[in-house]
Amino acid sequence: MSAPQVIRAEGLSKSFVVGRDLLGRPTRRVRAVDDVSLSVGARETLALVGESGCGKSTLGRMVMCLIPPDHGTVEMHGQPVSHRSERDLRQVRRKAQLVFQDPYSALNPRMTAGQLIGEPLMLHDLVPRADRAARVAELMEAVGLAAPQADRYPHEFSGGQRQRIVIARALAAEPEIIVCDEPVSALDVSVQSQILNLLVDLQERLGLSYLFISHDLGVVQQMADRVAVMYLGRIVEIGTAAEVLDAPRHPYTRALVASAPVARPGKRRGSPPVEGDLPSPVAPPPGCHFHTRCPFAEDICRREVPALISGEAGGAAAACHFRDSLPPAEPPRPAATPSPALARLMTAFHAGSVP
Amino acid sequence: MSRIILRRLMELVPTLLILSVVIFGLQRLLPGDAALAMAGEDATPELIASLRAQYGLDRPLPVQYLDWLGSVLQGDLGRSLRLNAPVGQLLIDRLPVTLQLALMSMLFALAIGLTTGVISAVKRDTRWDHAANVSALIGISVPNFWLGIMMILVFSVGLGWLPASGFTPLSEGLWPGLRSTLMPAIVLGTAIAAIIMRHTRSAMLQTLDSDYVRTARAKGLTERRVVIRHAMRNALTPVITLTALEFGALMSGAILTESIFNLPGFGKLIVDAVYNRDYEVVQGVVLVTALIFVFVNLLADIGYILANPRLRE
Amino acid sequence: MMPRAAVLPPPDFLPEPDMAEPLIEVQNLAVDFLSAEGPLRAVDDVSLSVERGRTLGIVGESGSGKSVTSLALMGLLPRRSARVSGSVRLDGRELLDLPETALRDLRGDVISMIFQEPMTSLNPAYRVGDQIAEAVERHRGGNAAAAWTRAVEMLRRVGVPSPELRARDYPHRLSGGMRQRVMIAMALACDPDLLIADEPTTALDVTIQAQILHLMGELQREAGTGIILVSHDLSVIAETCDEVAVMYAGQVVERAPVAAIFEAPEHPYTLGLLGALPARRARAGGARQRLPVIPGTVPQLHEMPRGCRFQGRCPFRIARCAEPPPMEPVGPGRESRCWRTPLEALAA
Ligand SMILES: Nc1ncnc2c1ncn2[C@@H]1O[C@H](COP(=O)(O)OP(=O)(O)OP(=O)(O)O)[C@@H](O)[C@H]1O
Ligand SMILES: Nc1ncnc2c1ncn2[C@@H]1O[C@H](COP(=O)(O)OP(=O)(O)OP(=O)(O)O)[C@@H](O)[C@H]1O
Ligand code: SF4
Ligand code: SF4
Ligand SMILES: [Mg+2]
Ligand SMILES: [Mg+2]
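Protein chains in written order, with the working numbering: chain A, 1 to 355; chain B, 1 to 313; chain C, 1 to 348.
Please keep in mind that the hints were generated in silico from the structure rather than gathered at the bench. Check each hint, because a few of them may be wrong.
What the hints assert, rightly or not - Quick look at which bits of chain C chain A covers, simulated, 3 or more residues with Cβ under 8 Å:
| id | region |
| --- | --- |
| 1 | 199 to 213 |
| 2 | 231 to 239 |
| 3 | 261 to 270 |
| 4 | 333 to 346 |
Heads up, the beta-carbon is just placed ideally off N, CA and C, and yes, glycines get one too.
Bound-form chain A, shown alone (with noise of 0.2 Å):
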């Protein structure tokens, strides 16, 4: 990787007040991002992973510049983001979109799909106005909405749909890298995977890069081409998904992997694979913050937060006081796989015509 990343982000720590004193003198804070590192490369996907209120969403945001880190480097393209200077800001907000869970939310309702598209196009200023009408409907069928839909408004669509638009819409800026929140997890099974294609189909034809937010193991599988697990507001563990899904190393990516319900039938026994509850972000657990729940934790975990390093066979990075000498991990219970039968008959299914 010797070609500057699309997007490199060093550092990056972030806090929130959540509680002030009576003279409004912040006593209590989430630290919601603690000094994490990372970098993603032209057409490729990193999927960021982690239980809700991890920082995932907050780490997404500061990589993007919409929100200042208290610590830390954005760069792009290897040249520093400076957060003073309104024109770095400006371009960095243009070249990497956001696309996030609320299909709902996320577009105003009083403004038709066609404004909603165009919109970008106004605002930086990227299409003569003559040619935005063309520009939009180009738009609308990368995303596979139909032109005429141009003057509907956001409720006329379904949930699908309406994600359709949020793309098209962070499409219209040109972007380089596109944050995706979330962007399938409020939609059903067969919807979903019609928006996944999307963003996979956009990626190849356009080289764009994903920074892929997402709690659904599953999901990840499909889009990413390396994964980074956030636990309490640090990465413990990043590396190609081969890597990180497969052969997990640091004991929280397990626990995530082991718990990831499989679509194999069978009842499963024995114990879930973690006990306790995420602790809480304002008072985090000292040294690793996962030693609470970590059936391996030695005295040393409490005490030392261990670097996020690759351990002596080399692979993915964890950040483990033991990623040398944990017993290997369990392989993820796979799925079914289909009987010969099943696999024709899905094939038809998908091919979309049958006799």
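Guided by the hints, dock chains B and C with the ligands onto chain A, whose structure is given.
Chains B and C with the ligands in isolation, oriented as in the chain A frame:
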């Protein structure tokens, strides 16, 4: 929890200060001052000037303000120049009348507003609900003076059940005392009852649709228990806060109502005082009224905090 | 129906529930919502059954009628706007004919329910212990202290740490997973025969989901409770259920033992759902495969086609599909609503 109440009390200090500046300032911004009023139409400029000096009206405004604030804090609200009596005494004489009227009408408004609100939410879209909604609309739109006059015509002139005017202090007997403000209280409370009813209805509709009410029903509780214990408890706490805000409307409505029924309360006092540019009295009435308003809202806020486990910590 | 015993039981003696008979048997359940444009049929011709100690999964997309079906079984649909018809027999008793008061006695006692939203399903104004105790007092009587003790015991059973203390907490102090445990404790406090869990883990993280599903399985094994587990997630269904009912646009379109659903689905919609599961696609040699999709979207209630409701999206459609297909047996213990079963023939 006491920290939160303490904090709420501390927030009161700036409110009260601003309030005092506004009350003092408004007074001084009005055209014509007390000296002019006292001296009469054709007084010489010298007389006016000497009166001004005598009452300190020629000093810079901030000095006058601090002076005024100082005496107010000591309980001295000045003297009514016209009635030639201490303002404090005038207020104390009139306060029971207005307080009795206000409390009775608030009780009336709460009793009617809460019950009809709850019933019409529980019986949503039935005849009960429609009837309650129409009544509320009428209650809000009927002018006080018209309602007052109609009630006098029916209950005093026609049926002779209640006195048409005048005030009997409670010290002369509970029933005669209450009777004398019953009609005014109803007149004053009607519009507020209607407003409370609407708040209550919409808050109840919302809680009745909530997930935890569904949970309560899934436990097999009787509908009565679901409504009273699970829905009302949560719906009514915000209604109480809104009601406290209506107390302002109630105090200003009292002015008109007191004149209709000829009750010797704050309303009559302030109307006369404004008429005669009796500044000290106007100031005193406004100040006490505002303090009552602030106090009622403080109580409502504290009640809200007490009723809300999330806010208690 | 079982043949009648030769000797009739005395009139005020209910027959002992027969273990071979299902705990709950739903037949031709339909729910209409009254609307300005006339009645809208949200649930149509739904038949299900659950045996003691077994779990039935109901799976389907958003709006397919899973929650309406569950609420109908509980008798919790708004009486004003919902018309329920068909038959729901619990232990041989017809629930749809019961007066509200009798139904209330069953609710929370013989049949209970947990809901999707742990964050809003508990009353914010009361301590969680009181909310559990309330159910116990309602159905078991006894004094408040005994009910409280039972509440604490239930919290311990569902794995809430230091239950004596937690029982005194208000819901906002608890995490989503803890609240869902409280909901389960409340639902199971009176040892119900049937538990309906409507997406009990959808709002939770996967590690917590695994804990909650595990807990439900444990408690079921201890008490022999019948469970109806509603979910839109086929993977969750696969790991927890014995039988599955697949719902589409208000109807059950396929009903089968869980293994059969995954091995040989007998309805094209089930087939499409299985294909669209993201987890199934392993990445072959780095190239990203496209996920198979079910084209189109679910028809709205007011524009339901007359024939098969899946016809607009079904590649197996034939002329006959314009007629409504009946739900018919397609193998041991399974039924499907499709003119073209057995589907196997189509793969040849
Ligand atoms: N504006 C804010 N003010 C205060 N706290 C915040 C703010 N935004 C986020 N937080 C807190 O920071 C932490 C991380 O939040 P974030 O939204 O980044 O999490 P997430 O991983 O995206 O979670 P989810 O999966 O629920 O979307 C949480 O504890 C959250 O409560
Ligand atoms: N009270 C109601 N009045 C009118 N229509 C209703 C009512 N409740 C539900 N519906 C309609 O009935 C249909 C089925 O809804 P239901 O809530 O059962 O879906 P679901 O399968 O549970 O979906 P989800 O996965 O989104 O929870 C929907 O079209 C819904 O709009
Ligand atoms: S550092 Fe210790 S507590 Fe943390 S994950 Fe590794 S073994 Fe577990
Ligand atoms: S009945 Fe026809 S349209 Fe319906 S699922 Fe079967 S083949 Fe498809
Ligand atoms: Mg988020
Ligand atoms: Mg539902």
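Here is how each hint holds up against the structure:
Restraint check on the region 199 to 213 of chain C versus chain A: 8 residues with Cβ-Cβ distances below 8 Å, three needed, restraint holds. Here the region 231 to 239 of chain C counts 7 residues with a CB under 8 Å from a CB of chain A, which clears the bar of 3, and the coverage holds. Closer than 8 Å: that is the beta-carbon criterion, and the region 261 to 270 of chain C has 6 residues meeting it against chain A, so the requirement of 3 holds. With 3 residues having a beta carbon nearer than 8 Å to a beta carbon of chain A, the region 333 to 346 of chain C meets the requirement of three or more and the stated coverage holds.
Violated hints are absent here; each numbered hint is respected by the structure.
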